[in-house]
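Trainee: Using the sequences and the hints given, assemble the complete structure.
Chains as they are written, first to last, in our numbering: chain A, 7 to 423; chain B, 7 to 423; chain C, 7 to 423.
Rather than coming from a laboratory, the hints here were simulated on the basis of the structure.
Don't take every hint at face value.
If several chains are the same, the list does not tell them apart, and a pair holds so long as it fits within one copy or across any two.
[Claimed, not checked] Within a straight-line C-alpha distance of at most 20 angstroms, the following computed PhoX-like cross-link-like pairs (lysine-lysine) qualify:
hint: 1; residue 1: K415; residue 2: K270
hint: 2; residue 1: K415; residue 2: K204
hint: 3; residue 1: K415; residue 2: K400
hint: 4; residue 1: K270; residue 2: K400
hint: 5; residue 1: K39; residue 2: K204
hint: 6; residue 1: K395; residue 2: K204
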Amino acid sequence: MAPRYAPSLRSRLAPLLLFLQIGFIVIYAFCIKIESNSRVDEATFRNFYPEFQDVNVVVILGFGFLSTFLVRYGFSASGFNLLVAVMATQWAIILNGMESWYYRGHAGINLRSLVVAEMCTASALISIGAVQGKANPVQLVFIALLEVSGFVLNKWLLETLLEVQPQNSIMQLHIFGAFFGLTLAQIYRARSEQRFEKEKFDSKTGLFSTLGLVFLWMFWPSFNSVLVEDRIPGRKLGAVCGTYLALAVSAVTSAALSVLSSPKGKFNLMHLQSCILAGGVAVGVSMTAIHQPWEAMTIGFTAAIASAIGFRYNKIHILLAHQCQDTCAVLSTHGLPGLLGWLAHLVLQIRNCDDQTTAIRFAVFHICTLLLTLSLSLLMGMITGILLKWNFWKPPQDRKCFDDQAFWKFPHIAVSI
Amino acid sequence: MAPRYAPSLRSRLAPLLLFLQIGFIVIYAFCIKIESNSRVDEATFRNFYPEFQDVNVVVILGFGFLSTFLVRYGFSASGFNLLVAVMATQWAIILNGMESWYYRGHAGINLRSLVVAEMCTASALISIGAVQGKANPVQLVFIALLEVSGFVLNKWLLETLLEVQPQNSIMQLHIFGAFFGLTLAQIYRARSEQRFEKEKFDSKTGLFSTLGLVFLWMFWPSFNSVLVEDRIPGRKLGAVCGTYLALAVSAVTSAALSVLSSPKGKFNLMHLQSCILAGGVAVGVSMTAIHQPWEAMTIGFTAAIASAIGFRYNKIHILLAHQCQDTCAVLSTHGLPGLLGWLAHLVLQIRNCDDQTTAIRFAVFHICTLLLTLSLSLLMGMITGILLKWNFWKPPQDRKCFDDQAFWKFPHIAVSI
Amino acid sequence: MAPRYAPSLRSRLAPLLLFLQIGFIVIYAFCIKIESNSRVDEATFRNFYPEFQDVNVVVILGFGFLSTFLVRYGFSASGFNLLVAVMATQWAIILNGMESWYYRGHAGINLRSLVVAEMCTASALISIGAVQGKANPVQLVFIALLEVSGFVLNKWLLETLLEVQPQNSIMQLHIFGAFFGLTLAQIYRARSEQRFEKEKFDSKTGLFSTLGLVFLWMFWPSFNSVLVEDRIPGRKLGAVCGTYLALAVSAVTSAALSVLSSPKGKFNLMHLQSCILAGGVAVGVSMTAIHQPWEAMTIGFTAAIASAIGFRYNKIHILLAHQCQDTCAVLSTHGLPGLLGWLAHLVLQIRNCDDQTTAIRFAVFHICTLLLTLSLSLLMGMITGILLKWNFWKPPQDRKCFDDQAFWKFPHIAVSI
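Mentor: Written as structure tokens, this is what we have:
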């Protein structure tokens with residue numbers, strides 16, 4: 007079937023992108039400089055550069071190829087991911103630099119600020135996972151910019167009001183991204199009637215998606231440890247080893263649970279892909295409280311179980327009861343493991359406290375962190391979802407969902423007709 | 007054909023994985039700590055981390071995607087590789103830490119011990135290449151744990167009895183892994199009658215496999231140099247440059263030999279994949295004796311020839327005479343180049359010796375190293391092969407070999423029926 | 007159709023490769039040593055190694071997989087790229103070492119010389135992009151060796167006659183490679199009548215090609231910054247941040263232009279792939295004159311526009327008027343952005359000059375640089391093109407162009423017949 011009925015992107019996407027991009031260049035021209043602190047800079051650059059590249063691989067390659075499993079949506083999944091990621095990163099650099107610009111008249115850009123911006127972008131890419139295939143690129147860019155704004159606001163509130171450490175506030179990205187995406191998908195509520203055909207994977211697209219997963223798996227230790235302060239010796243090593251072991255344990259546990267929960271005793275690729283990273287996510291959120299390998303491994307074990315339960319029951323339940331379809335299973339990949347990591351952080355920190363007063367104070371503070379993050383993400387998700395229903399965006403028709411032909415020119419089809 | 011006759015993995019795999027994983031966590035809780043040597047640690051971490059990630063890419067991505075060429079076995083090749091790798095790595099960390107635990111009451115974990123564990127895992131993954139597609143995941147996990155135990159025992163014997171340097175003893179992984187795998191395949195002897203259909207590759211699976219190969223090729227210099235002591239200046243640089251040049255030479259030589267040995271003068275992808283890494287393997291085994299680029303290049307040249315001869319004649323011969331089918335050609339990829347590297351080490355070292363006594367002493371010592379490694383690998387391979395024939399493991403039927411459908415749920419098939 | 011009519015590679019390729027390879031080993035044995043400057047070496051190695059690996063990924067994986075989009079040419083695109091790259095790198099190490107060999111009696115090899123050699127190789131791989139699919143591997147190796155010789159000569163002339171800095175002279179690789187390739191394609195002028203069928207991509211080969219593109223995109227900052235001297239603090243950081251931002255801007259701009267220029271308002275994968283890197287190329291050429299992020303972003307924006315115009319109009323025009331078919335669109339990917347980067351360098355440098363005399367002197371010097379590079383690349387391209395028309399090379403027949411079956415054995419086809 008020729009894609010002649012899909013709405014053209016010409017009148018919306020091109021002006022939007024050109025307008026935003028020229029706007030960004032103007033803002034950068036007036037406000038953003040490359041920061042060079044002479045001597046200090048050089049050593050930091052050398053130490054930081056390989057980890058910066060690993061984060062880059064996670065954000066651009068890993069997230070991009072993870073959702074290429076959709077059998078007719080490979081170009082969109084990988085291409086729109088790159089487009090959205092570079093828009094969101096440029097925007098996050100501006101937002102993160104605003105405070106410095108307000109006080110010093112200009113904001114600096116260095117490898118650390120690039121990494122922080124890419125992590126804000128990661129939270130937007132998680133949200134987009136929930137509506138993957140049901141929104142057009144104009145909507146995706148719009149979602150990403152709003153999500154990043156919300157996440158940077160949340161990060162700033164946590165750091166200013168509650169004095170959360172930067173590396174802890176940024177790790178809320180899993181919780182913020184997942185619940186923002188779920189609220190959005192719930193309100194936007196696109197239904198694809200051809201879902202059962204186009205949401206499947208085949209043996210080749212499953213491999214592309216496995217490739218993305220393997221890159222996420224391999225470089226997740228860098229993603230977790232990159233912002234850990236290395237002033238306290240051993241913290242960074244602990245983060246890397248802990249993440250590695252937690253990922254290993256959750257890979258084994260997911261495999262066991264996938265076989266257990268299948269009536270015929272077979273592996274389910276979708277199940278594995280949504281559970282295998284759970285350990286890494288949970289350890290990322292609770293990292294500052296983990297001191298021994300077995301703690302990280304136990305968290306990885308529990309996170310894989312939570313994620314598997316989430317995948318088996320909640321997805322079906324949510325789908326039927328609320329008609330909210332979560333394409334990339336962000337609830338079980340990022341949402342539940344993130345909450346579990348938060349809980350583990352609380353439990354471990356209280357166990358380490360000497361007296362009860364400190365423990366209670368920490369508990370209150372920690373619960374406030376979660377409540378703030380959750381309420382802001384639900385609120386922003388709701389607003390974005392309402393704005394997204396606007397017909398101005400020309401959303402794809404139901405039968406054009408999950409289909410590259412709505413957005414991409416296929417030369418061999420054009421010729422064969 | 008629906009996969010309804012394939013034996014379920016439920017009753018064997020899930021309990022085994024959960025039992026082992028919980029056991030590992032308990033052992034880690036009592037014996038393994040994260041090692042933090044304050045100051046020293048930090049610099050080492052910074053220097054070591056990028057190479058650790060390269061080894062990770064070699065083990066998880068490279069070995070995993072190398073055998074995705076099997077046209078209906080892509081999910082299993084990449085997925086089981088990850089599963090087996092993380093089990094074997096956790097087990098190797100425990101085994102490698104036992105000595106320290108015995109003397110000091112606990113074992114430490116740091117980046118170096120993770121890398122050593124991943125290299126032990128690599129030797130298990132090489133062995134598994136010989137039975138790829140003919141064993142179910144329960145058997146693969148079982149093989150991997152026994153192989154790693156054997157390899158760590160071999161490493162300990164070499165280092166204790168013969169005082170071999172750690173970086174040399176660990177590089178026996180190619181020889182140990184290949185001959186363990188071949189003995190195992192010979193005894194286990196699964197026959198697949200549909201072999202000629204499912205063991206083929208198509209134009210897409212060939213590309214996935216090329217992708218894995220290219221990653222192995224690119225990061226092989228890191229794999230060889232990561233454990234080289236950098237106290238002697240230039241050793242590490244020599245290892246990297248030597249490996250790079252040897253790989254370059256064996257890529258060119260394999261291409262020439264592949265064309266020469268084909269009656270129609272065409273390239274053979276399987277031939278290239280099994281010979282192109284030969285130079286890297288041989289240089290890895292003989293690294294400590296190589297001082298000039300041309301030595302590494304000559305070794306790469308000879309290794310590619312040895313590997314090509316192995317591929318053309320030995321595989322057919324072994325297949326017909328012994329009915330031992332070596333799926334991933336581990337004999338020509340790791341076995342023969344490993345032996346050649348051992349020989350090159352001997353020749354180069356003797357040439358560098360000043361007097362005859364030292365030369366003879368070294369030769370005796372070097373031959374003992376090889377004999378010990380070979381006999382232990384054959385013995386362990388034999389034991390594992392015998393245990394593997396046990397029907398308790400529910401091995402896949404012959405016509406389910408090399409087939410993802412025996413182990414994986416395919417949603418689009420389930421729906422279309 | 008069985009590939010029985012394709013000319014065998016046996017009588018040409020195998021002897022050529024073996025002869026060249028043995029020749030290289032002999033030359034290395036007499037002239038090239040591993041360079042070890044004791045203390046200095048160690049720190050440099052540590053700092054340099056991750057970037058060396060990134061360049062390796064760009065050259066071997068990125069360029070190799072970028073042209074796998076050709077639906078029946080995946081094995082050749084990735085395999086021949088590896089073959090040609092390792093030949094060219096070995097040859098470039100020899101050529102770059104000749105000066106040192108002449109004065110000191112031997113040439114050293116270290117990570118820096120490997121990186122320089124890989125960048126010379128990159129220029130050869132760009133040229134080959136223009137004749138991809140229309141030449142056999144013998145011809146590709148021949149082109150690569152001549153191109154590298156020409157490029158090293160150009161580099162030496164620029165550095166000796168005009169005293170261009172090494173990092174600027176090597177960045178001419180985009181201009182030199184693109185115009186060499188275009189002249190070559192123009193003179194060689196192979197016509198494939200089945201072009202419209204085999205030059206297409208399908209949904210899977212498009213993804214492989216996207217994978218190559220994403221790796222190029224991610225590691226382009228390393229490719230640009232690896233040779234930047236880090237004696238002046240902040241230069242390297244500036245190169246990385248500038249390249250990253252320029253790539254981000256050109257990704258967004260290309261997406262907008264691709265949608266704008268399509269009558270149905272859809273994305274065109276080929277268009278995106280040839281424009282998305284334009285910013286990185288242009289910034290690479292003009293790097294030493296860029297001091298602020300917005301300058302890099304503006305260059306990225308303009309480069310994407312130039313590249314898009316080049317893709318839309320010039321390719322069609324060149325194809326019709328000159329019958330010169332540029333398979334991988336090297337004109338729009340490397341040629342025009344390279345020229346634009348040259349112009350940007352001129353403008354920025356003149357703006358920074360204090361007095362008019364310096365400005366004019368710089369302009370004359372800068373124009374000479376371009377003229378020398380262009381004339382040498384056109385001349386060498388012409389010579390190579392004339393030599394390539396020789397029937398001795400057994401070029402592939404027109405209907406065997408863009409087809410793996412002319413060069414590769416496909417077992418499942420051999421069996422099914």
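Trainee: With reference to the structure, classify each hint as holding or not holding.
Mentor: So, going through the hints one by one against the coordinates:
no. : hint           : in the structure
1   : K415 with K270 : between (41 angstroms within a copy, 9 angstroms between copies)
2   : K415 with K204 : both (18 angstroms within a copy, 17 angstroms between copies)
3   : K415 with K400 : within (19 angstroms within a copy, 36 angstroms between copies)
4   : K270 with K400 : between (43 angstroms within a copy, 15 angstroms between copies)
5   : K39 with K204  : neither (46 angstroms within a copy, 48 angstroms between copies)
6   : K395 with K204 : neither (23 angstroms within a copy, 42 angstroms between copies)
The structure shown violates the earlier hints numbered 5 and 6.
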